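For what it's worth, the working numbering labels the leading residue of the sequence shown as 1, then goes sequentially.
These aren't lab readings, by the way, just hints derived from the structure by calculation. Since we're looking at a predicted model, the values are computed, not measured. Some hints here could point you the wrong way.
Stated by the list, open to error - FRET-style restraints, in silico, Cβ to Cβ:
#	residue 1	residue 2	range
1	LYS99	VAL74	32 to 42 angstroms
2	ARG32	ALA8	54 to 64 angstroms
3	ILE40	ARG11	18 to 28 angstroms
4	ASP88	ALA59	32 to 42 angstroms
To be verified - List of simulated lysine to any residue pairs, SDA-like, C-alpha gap at most 20 angstroms:
#	residue 1	residue 2
5	LYS98	GLY86
6	LYS99	PHE87
7	LYS99	LYS109
8	LYS99	ASP88
Here a beta-carbon is modelled for each residue, glycine too, at the ideal position from N, C-alpha and C.
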Amino acid sequence: MIHTDIFASARAAYANRQEPERLRYLTRAYWRISLALTCIVVLSSIIWGILQLSDALSALGGAINTESTAPKPVLDRAALRSALSGFDARQATFDALKKGGATIPDPSK
Numbered sequence: 001m002i003h004t005d006i007f008a009s010a011r012a013a014y015a016n017r018q019e020p021e022r023l024r025y026l027t028r029a030y031w032r033i034s035l036a037l038t039c040i041v042v043l044s045s046i047i048w049g050i051l052q053l054s055d056a057l058s059a060l061g062g063a064i065n066t067e068s069t070a071p072k073p074v075l076d077r078a079a080l081r082s083a084l085s086g087f088d089a090r091q092a093t094f095d096a097l098k099k100g101g102a103t104i105p106d107p108s109k
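Produce the entire structure from the sequences given, and follow the hints as far as they go.
Below, the structure is given as structure tokens:
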């Protein structure tokens, strides 16, 4: 019964929204609804952030524990030398292109 009275007063306020007394009721209702929704959004974003942080910290803790138990694989010297020679070849190609330069005609002439 109380709920019907609340909705009836809300309907009456909306129907007579040009009257200042009814407008005041509508603005209060709007303000309370806006404030409640804002609080819900802020609290849910804080909770979501805490959950994401705890997931990240637990994953980081698990990664640290697995790294300490399993040793890293040893570097292969042949693969390392081939990678370094590839870098040297790229550097030589870059230097050759930088010295040679591209001949681009001047469009204003």
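Outcome of the hint check:
For LYS99 paired with VAL74, a C-beta distance near 40 angstroms keeps the hint of 32 to 42 angstroms intact. The given range of 54 to 64 angstroms is broken by ARG32 and ALA8, whose C-beta atoms sit roughly 18 angstroms from each other. Remark: the range hint 18 to 28 angstroms for ILE40 to ARG11 is upheld by a beta-carbon distance near 25 angstroms. About 38 angstroms separates the C-beta atoms of ASP88 and ALA59, a value consistent with the hinted range of 32 to 42 angstroms.
A distance of roughly 18 angstroms separates the Cα atoms of LYS98 and GLY86; the hinted pair therefore holds under the 20 angstroms criterion. In summary, the hint linking LYS99 to PHE87 is supported, as the alpha carbons are separated by about 18 angstroms, within the 20 angstroms threshold. About 25 angstroms separates the Cα atoms of LYS99 and LYS109, which puts this hinted pair outside 20 angstroms; it is violated. Restraint check for LYS99 and ASP88: the C-alpha separation of about 17 angstroms stays at or below 20 angstroms, so the hint holds.
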